[in-house]
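Chain by chain, the residues:
2 protein chains.
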Amino acid sequence: MLIKDIVIIGSGNLATNLAFEFIKSKKNVKCIYSRTENNAKILADQCNCAYTDKLDELPKSADLYIIAVKDSAIEEIAGKLGGLSGIIVHTSGSTPMSVFPDSIKNCGVFYPLMTFSKADQLLFRDIPICIEANLSGKNIDLMRFAKSISKNVYNISSDKRMMLHLAAVFACNFTTFNYTVAEELLQKNDLSFNLLKPLILQTAKNIMIGKPAEHQTGPAVREDEIVMRKQVKILSDMPEYKEMYQLLSKLIISTKHKK
Amino acid sequence: MLIKDIVIIGSGNLATNLAFEFIKSKKNVKCIYSRTENNAKILADQCNCAYTDKLDELPKSADLYIIAVKDSAIEEIAGKLGGLSGIIVHTSGSTPMSVFPDSIKNCGVFYPLMTFSKADQLLFRDIPICIEANLSGKNIDLMRFAKSISKNVYNISSDKRMMLHLAAVFACNFTTFNYTVAEELLQKNDLSFNLLKPLILQTAKNIMIGKPAEHQTGPAVREDEIVMRKQVKILSDMPEYKEMYQLLSKLIISTKHKK
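Chains D and P supply the protein sequences, listed in that same order.
Note that the first sequence ends on residue 431 in the working numbering; no numbers are left out.
Note that the second sequence ends on residue 431 in the working numbering; no numbers are left out.
These are computed hints drawn from the structure, not numbers from a lab.
Take the hints with a grain of salt, since some may be wrong.
For chains that are exact copies, the list does not tell them apart, and a pair is met inside one copy or across any two.
[What the hints assert, rightly or not] Here are the simulated lysine-lysine pairs, DSS-like style, with alpha carbons at most 30 Å apart:
no., residue 1, residue 2
1, Lys422, Lys405
2, Lys290, Lys369
3, Lys383, Lys252
4, Lys422, Lys242
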């Protein structure tokens, strides 16, 4: 079965990026749901489609219902979608497919491994999409659909997806926090964050080749105690960042010796 | 005075990148020093210049001597370079200019804010170079020289450079470690690190616009306790990464509430 008619449940960062991607690739977004009617309306107006804040008013005949809401709301929403014949998927890295109740005949997962914001519409072509489905026929449909927007589509089980999401927290969320700390340190000293941007881009580009550990530089991996002591001293009035510095430096050294 | 003849003291990642950059931009690299003669020879052969493992055999008439060695060796080397008339600079973020003894007439700092490896020859055009000199005339010479290879050259004092280096440790070294942990988690679960590469690049690109904190996503900033508990549980057999996860998640939450 070819997936054509889509309902998007949610109006946040991912829902917005998905909606625009589907419009761009000429899919038929039939309806946007949000528990806040105005949020549904804002996105639906941009997509030129219907909207609702009532789950029982969703179109019954869509091919695909994409639940793109916060993890803690998936179960409740899924519980209200029984009886639909289309495939119902969620988009969460850390939620197993077993979140769906038996009342849902065709269910699965459509997890794009990316960080999304409403401000920036990403191209899905290079974004890995991890799919899973309860029935092999639906898996084929979902795979074909995902491949129509991305060239990197993978069958990934709930267990592995959870590992992938955890790895993404380290690689993306914790990294964004590193940038935040760096910016705060610079700002306190009237230095522009722009100074760090070439380094940040290069650090990300480096790991495209080889193993990340091969690109480890800095005082910790050199075990340069003098520099580390100086830097800990600078951080003495920011105890939370001092603790972070000491822990990460310790882990960089111990990981180096583990190899 | 126009800086033409250059001596490079060191043969590591930065020394190698500098040597190739100078050759490319038609500067005259006169000699490479390394305490390990063979390392000096390998780099000098590629630069078609002289080499030595004896500091007292360095050419006396160069315009610029660049000390690109590990921080802990700078002081000892600088102590042996008295009497030269050229400008002697080190390249360290965390070492103040005061490391140079009085016997050195013209001294300064030439600090490229970047992570270097021998495997990858970087273009210096976009790399910020932070300079400092003990005499204003020499500062002008050094500024002109740095501007001949980079379009981002700044006068930065020793105190501010130390802050910049500390910020770079967070933004680059700790980030590379995040990538290392992510790769280890994936490898243990037979998942390819390639899956994370688009996310890593996008995470770096995101901070080119706005403040890094605006790009913070993930379970911690959403204060999604259920996902965080699941992820901590997955890490229960890797106590060091569990500690890192818990600390960083806690800091992401407290930083969010600080704003």
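A quick look at each hint next to the structure:
no.: 1; hint: Lys422 to Lys405; verdict: both (16 Å within a copy, 22 Å between copies)
no.: 2; hint: Lys290 to Lys369; verdict: both (22 Å within a copy, 21 Å between copies)
no.: 3; hint: Lys383 to Lys252; verdict: neither (45 Å within a copy, 39 Å between copies)
no.: 4; hint: Lys422 to Lys242; verdict: between (34 Å within a copy, 20 Å between copies)
Of the numbered hints stated above, the single one contradicted by the structure is hint 3.
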